[in-house]
Amino acid sequence: MIPKIQKILYPTDLSLNSDYAFRYAINSAKQHDANIIILYVLEGLSDSMLAMLSSDLVGVQRKKTSEEAMAQIKDRLKLFCEKELINDPDCLKRVESIEVLEGYPAEVILREAEKLNCDVIVMGSHGKGIISQTFLGSVTKRVLRRTRKPVFIIPLPKKETDIPGHNI
Amino acid sequence: MIPKIQKILYATDLSPNSAYVFRYAVNSANKHNAKLIILYVLEELSVTAHAMLSHYLNAEQMKRLTQEVRSSVLERIEKRLKVFCEKELKDQPEPAERVESIVVAEGFPPEVILSKADELNCEIIIMGSHGKGIIQNTFLGSTSRRVLRRTRKPVFIIPLPKGEMDITFHDI
Chain A
15 MIPKIQKILY PTDLSLNSDY AFRYAINSAK QHDANIIILY VLEGLSDSML AMLSSDLVGV
75 QRKKTSEEAM AQIKDRLKLF CEKELINDPD CLKRVESIEV LEGYPAEVIL REAEKLNCDV
135 IVMGSHGKGI ISQTFLGSVT KRVLRRTRKP VFIIPLPKKE TDIPGHNI
Chain B
3 MIPKIQKILY ATDLSPNSAY VFRYAVNSAN KHNAKLIILY VLEELSVTAH AMLSHYLNAE
63 QMKRLTQEVR SSVLERIEKR LKVFCEKELK DQPEPAERVE SIVVAEGFPP EVILSKADEL
123 NCEIIIMGSH GKGIIQNTFL GSTSRRVLRR TRKPVFIIPL PKGEMDITFH DI
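Protein sequences, first through last, are from chains A and B. If you read the first sequence in the working numbering, its first letter stands for residue 15, the second for the next number, and so on. If you read the second sequence in the working numbering, its first letter stands for residue 3, the second for the next number, and so on.
If you are wondering where the hints come from, they were derived from the structure by calculation, not from laboratory data. Just to be clear, a hint being listed does not mean it is correct.
Said to hold, decoys possible - Cut-off 20 Å, straight-line C-alpha distance, at most; resulting in silico cross-link-like pairs (PhoX-like, lysine-lysine):
(1) A:Lys129 <-> B:Lys33
(2) A:Lys163 <-> B:Lys6
(3) B:Lys155 <-> A:Lys155
(4) A:Lys21 <-> B:Lys33
Full structure from sequences and hints, please.
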């Protein structure tokens, strides 16, 4: 029984490393004839932060801003896909959906991978918080620790990368 | 510029997990039309083990152990990997074409995996999340962790599936 790869979860935090990993996601999707689900997780405010902001007015305001932020991120991701696939517009069809959710990144990635029946997760080794190149990013590490799905980890290459869609 | 995958390094420690990973390696190699390199790393005796053994064995025996016995072990492992490949790839149209080479090397596994990946120009590494030393399912194996920490190449990490497996190195 050869394992089939039909659905690829590509979690991104909009970092350069994530944008670079997108190319591997696309490449895998093409070769395996699979679809891609793009997932961005908007980190929620911490409990202490919430407590500090917890007047009703702020609550309504907060909901509105986070909805706006989510819509903006979704637009940015859409634009990014179009820019990346400018020479290969057919590939856009492989992007099944763009999900922007709120929560704790590692948890949401694991939950969505399960819920959406993804066969593999493709993600960058480091996200935003690059401290040292020699360690694995915290979200990637948490996902790897707990998942039962294959994970394709993509580090940034040594040489310069040209990702036109990165600065949208 | 879409990255090309032409050579895949499949690192195995002959554990059940890595047997299962082989299918992912073959699948990826087929889909990307890439060559596969199979790598097994025989761990060197630790300094302590060496010291303890040399306490019980005389120089002659020690020499035999470190030279003849090791080389026959390496040979046996290579043979086992060959048989495993043949068995797994029997339904493939050109099995011999797919596997470029079987490499059995000695050393510290993560280091040898990293150096071979560079030396043999592999674009990606495929390995299991856990090797022999399964302690807890929720943690990454030490070799995979070390490779991930230090490599600049994409690494495809395959955990054990939930159910039973129909693939193993152990019946060879």
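Against the earlier hints, flag every one the structure doesn't satisfy and list their numbers going up. Going through the list in order, the structure violates hints 1, 2 and respects the others.
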